[in-house]
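Participant: My request is simple: use the sequences and hints to build the entire structure.
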Amino acid sequence: MFSRLLKGVHWIEDSLLVASLASMLGMAVLQILLRNFFDFGIFWAESFLRILVLWVAMLGAMVATRESNHISIDVLTRYVSGVSLRIVSFVGKAFSALVCGVVAYYAFLYVQFEYVDETIEFAKVPTWLCQSIIPVGFSVMSLRFGLQAVLSLVRGVPA
Amino acid sequence: MNAVMSAVLVLIALLGAPLFVVILAASMLGFMSADIDLMVITIEIYRLVEAPLLLALPLFTFAGYVLAESRLSFRLVRITQVFLGWLPGGLAVVAFVTCAFFTAFTGASGVTIVAVGALLFPALVQSGYKERFSLGLVTTSGSLGLLLAPSLPLILYGVIVQQMNLPNPFSIQELFIAGILPALLMIVLLTGYAIWSHRGIKIERGTYTRADAVDAIKSARWEIPLPFIILGGIYSGYFAVSEAAAVTAFYVLLVEVVIHREVKYGELPRIVRESMIMVGGILLILGVSLAFTNFLIDAEVPQLLFEWIQTYVDSKITFLILLNIILLMLGAILDIFSALVIMIPLIVPIALRFGVDPIHLGIIFLANMQIGYFTPPIGMNLFIASYRFKRSITELYRATLPFMFVLIIALMIITYVPAVSLIFLDRD
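Same order as they appear, the protein sequences are chains A and B.
Sequential numbering from 1 applies to the first sequence in our numbering.
Sequential numbering from 1001 applies to the second sequence in our numbering.
FYI, nobody ran anything at the bench for these hints, they're computed from the structure.
Just to be clear, a hint being listed does not mean it is correct.
[To be verified] If you only want the chain B side, here are some residues facing chain A, beta carbon under 7 Å, derived:
#, residue
1, G1016
2, P1018
3, L1024
4, I1041
5, L1048
6, L1053
7, L1055
8, P1058
9, L1184
10, E1243
11, A1249
12, M1276
13, G1280
14, L1283
15, V1313
All residues carry an ideal CB built from backbone N, CA and C; glycine is no exception.
Facilitator: Written out as structure tokens, the structure reads:
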């Protein structure tokens, strides 16, 4: 049950990521074609593309968390093993979960303000929707780091 | 943020916590101590949408990953061999040029060593180069080409500096032009070393025949226009950088998926995921560091740092020497993207005070980082090459050492002769 839910979430993330990059590429190419051959442009395309960069960044980061593939310095972990490695890994993951959790909380608050203000980002798309990926992304990352923290303590750190 | 807190954060970073988390934590502590609401972090991250240039990052990276999955590395080696293989140094020149080109497109993410290095290593040994030399060559070349357009770190440097509203701004085009001669200088010096270190030893050289040339061009006829589209488009000002990225990604998809069919449709979602994990990681660090940089500037850290440095360093030359030493050490422990994001906001204002041109600074910075890729203890190229060629890390330390000396000489020329980077630019 839990693993099916997890699979579903992964599928949604992956699909959103592919869809975001595909629309980014499609829109950018379309814009160039329109400009050069028809002397015409979609006026909200620029804003749309910039929002997509944010979405690709957050979704990519969420998937990176899933695969423990974030950029880190990682000098000391090469020299510890066994129980101490478990503890080191737990501390790092738990700390990350906490930090992402706090960011997510404040991001939710912020996006709520934008929702109330009903600001429009481009065309008819409201700003809060564009920004929503920030709280959602950090919540997902926080949960993931939390889960990984527990797992690394219980099962040890996969090589 | 007091000293104890900073020490704890550094420890957590060294223990392998993701860098973006550490930067976030640092900026949170900073904002909290200044009584600023933490919602500001969201606002800062959302500033990612303010930089139109950033669009180039995911698109170029995706194009690079698709190219790496195709058989471009074979065609590239072949065509370079036909046209450059007869030169003194033969295959070594081929290796440097191919790696530089490949790295410029794929970003020095290790792909070059795996895709091109693995192809060239046996060929180098076969044509008479010593094994340790060949090993050092392919490991070193994994980051050669960082200074050439459209390399990711080069674009990222431009993006970060543009966010800072400098008094003497520059365009990405100028940055791209500035990288050309320094990259060539490195290739020339490395080739010189290859010839010198094998004096008296017979090295096979390729021979140029017309038939080979026609054949090689034919096999790569779809990819040959690519550098012209990108570089021609960007340098002539016809395309903005992000447009060139879109055209490149589109063209690469067309060639490798539809025409060559070397990359299958079904593989594309995986390639998107792999490339965007890298982009996401980099952009997230960039986003959170926007918040951190603002805190640093509010706290006047660059100003204080400058005043502190000024009590010890009073000339541009001494500053540059110090800068090189610090960056080389930094490059040995930080990966290039983190180093860029963390150090550039601190270094650029100080360097400007000492009269260093921001374009020149970018080239110096990346040239240092390029060497950092194979500096012990954790240079990434060393690990990738160790894994790929099944050699011990210590063997690779020894193999890359002479190359490091050659590149440090190049670095010194690049640092102390600004004209190498700036000669084609009109800057005062």
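Participant: Indicate, hint by hint, whether the structure satisfies it.
Facilitator: Structure-based check of each hint:
| no. | hint | result |
| --- | --- | --- |
| 1 | G1016 | holds (4 Å) |
| 2 | P1018 | holds (4 Å) |
| 3 | L1024 | holds (5 Å) |
| 4 | I1041 | holds (6 Å) |
| 5 | L1048 | holds (5 Å) |
| 6 | L1053 | violated (10 Å) |
| 7 | L1055 | holds (6 Å) |
| 8 | P1058 | holds (5 Å) |
| 9 | L1184 | violated (30 Å) |
| 10 | E1243 | holds (6 Å) |
| 11 | A1249 | holds (5 Å) |
| 12 | M1276 | holds (4 Å) |
| 13 | G1280 | holds (2 Å) |
| 14 | L1283 | holds (3 Å) |
| 15 | V1313 | violated (27 Å) |
Of the numbered hints given earlier, the model fails hints 6, 9, 15; all others are met.
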